[in-house]
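**Student:** Sequence:
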Amino acid sequence: MKNILLFVVSFLVFGHSRAAQVDTVAVFSVGMNKTIKTVVVLPEKQQARSVLYLLHGYSGNYSNWVNNAPQLKELVDRYGYAVVCPDGGFDSWYWDTKDQNYKYETFMIKELIPFIESKYKINADRAHRGITGLSMGGHGALYLAFRHQDLFASAGSTAGGVDIRPFPNNWNMKQRLGSYDANKSAWDEHTVMELTHLVQPGMLQLFIDCGTEDFFFGVNNKLHEKLDYLNISHHYLAMPGRHDWNYWSRSIDYQMAFFNQCFLTQSKTK
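Just so you know, the sequence shown maps onto residues -19 to -1, 1 to 251 in mature numbering (1 follows the signal peptide of the UniProt record, and there is no 0).
It is worth saying that the hints were derived from the structure and are not from the lab. Bear in mind that the values here come from a model prediction, so they are computed numbers and not experimental data. Any given hint could turn out to be false.
Stated by the list, open to error - Distance condition first, Cα-Cα at most 27 Å in a straight line; then the derived DSSO-like pairs of lysine-lysine:
no.: 1; residue 1: 155; residue 2: 207
no.: 2; residue 1: 18; residue 2: 100
no.: 3; residue 1: 54; residue 2: 102
no.: 4; residue 1: 155; residue 2: 91
no.: 5; residue 1: 15; residue 2: 91
no.: 6; residue 1: 91; residue 2: 102
no.: 7; residue 1: 54; residue 2: 100
no.: 8; residue 1: 15; residue 2: 79
no.: 9; residue 1: 26; residue 2: 100
no.: 10; residue 1: 207; residue 2: 165
no.: 11; residue 1: 18; residue 2: 91
no.: 12; residue 1: 15; residue 2: 100
no.: 13; residue 1: 18; residue 2: 102
no.: 14; residue 1: 155; residue 2: 15
no.: 15; residue 1: 102; residue 2: 15
no.: 16; residue 1: 91; residue 2: 79
no.: 17; residue 1: 165; residue 2: 79
no.: 18; residue 1: 155; residue 2: 102
What the hints assert, rightly or not - What follows is a list of derived Cβ distance ranges for each label pair:
no.: 19; residue 1: 91; residue 2: 170; range: 17 to 23 Å
no.: 20; residue 1: 87; residue 2: 52; range: 29 to 35 Å
no.: 21; residue 1: 28; residue 2: 164; range: 45 to 51 Å
Glycine is no exception: its CB is placed at the ideal position from the N, C-alpha and C atoms.
Input sequences plus hints: build the corresponding full structure.
**Tutor:** Right, here's the structure in full:
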């Protein structure tokens, strides 16, 4: 199995300036009884057939990606698919929990996806949906993709917190799940590392990357090793970098090139 990223990112130089369309929409969540802001980036010169859901990290919001990685708009124009950045709350981890204010899995799966595909006429099938994100959002992307392979054909994570259990006192997770020592089963059920058994052969194209100086580098390496052990095909990329926007704004180039290849491959097999 080849786990090293096999594609090469091509940095094209355009002869003229192009500007993707950036919308900020309000999506009402019935489950949480609140409106959730979402950035939608659309290619300027063509109708998007595919969509990448791009999730922010802990303490972030819907505007983080478009503000901190400004080349995102150029990449959308280059590849011709839409990017959707929902607000995942300060510390949701994109889970459903007992707290009515934290039903973000339901929001993503049952409310956001139908809204986006209806409003923007994007193809409503798994072959044209991908999901990735950074840090908390990297965990959220893989968590949602593993649990909903009927909806996603490709998934990724950049610097993702792919195993939450080594960090039992961080990022408000015990407020959502209870303390780790008293609620181990809940933590196991809500961490990507313990959901790999859900991945069905050939169902997901996966790309995981992390900076070598990142505090999540260890758990990403362990996930890579576990996927290898289970013979789950995936691409894994380790680059110099810390847990910051210097790294994430570089990694998005590789992430979006990967999803472009996924969408092109899926389209050819349709």
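**Student:** Are the hints correct? Go through all of them and say.
**Tutor:** Here's how the hints hold up against the structure:
no.: 1; hint: 155 - 207; in the structure: 25 Å, holds
no.: 2; hint: 18 - 100; in the structure: 15 Å, holds
no.: 3; hint: 54 - 102; in the structure: 20 Å, holds
no.: 4; hint: 155 - 91; in the structure: 26 Å, holds
no.: 5; hint: 15 - 91; in the structure: 15 Å, holds
no.: 6; hint: 91 - 102; in the structure: 17 Å, holds
no.: 7; hint: 54 - 100; in the structure: 20 Å, holds
no.: 8; hint: 15 - 79; in the structure: 17 Å, holds
no.: 9; hint: 26 - 100; in the structure: 18 Å, holds
no.: 10; hint: 207 - 165; in the structure: 20 Å, holds
no.: 11; hint: 18 - 91; in the structure: 16 Å, holds
no.: 12; hint: 15 - 100; in the structure: 19 Å, holds
no.: 13; hint: 18 - 102; in the structure: 19 Å, holds
no.: 14; hint: 155 - 15; in the structure: 24 Å, holds
no.: 15; hint: 102 - 15; in the structure: 24 Å, holds
no.: 16; hint: 91 - 79; in the structure: 17 Å, holds
no.: 17; hint: 165 - 79; in the structure: 16 Å, holds
no.: 18; hint: 155 - 102; in the structure: 39 Å, violated
no.: 19; hint: 91 - 170: 17 to 23 Å; in the structure: 20 Å, holds
no.: 20; hint: 87 - 52: 29 to 35 Å; in the structure: 32 Å, holds
no.: 21; hint: 28 - 164: 45 to 51 Å; in the structure: 46 Å, holds
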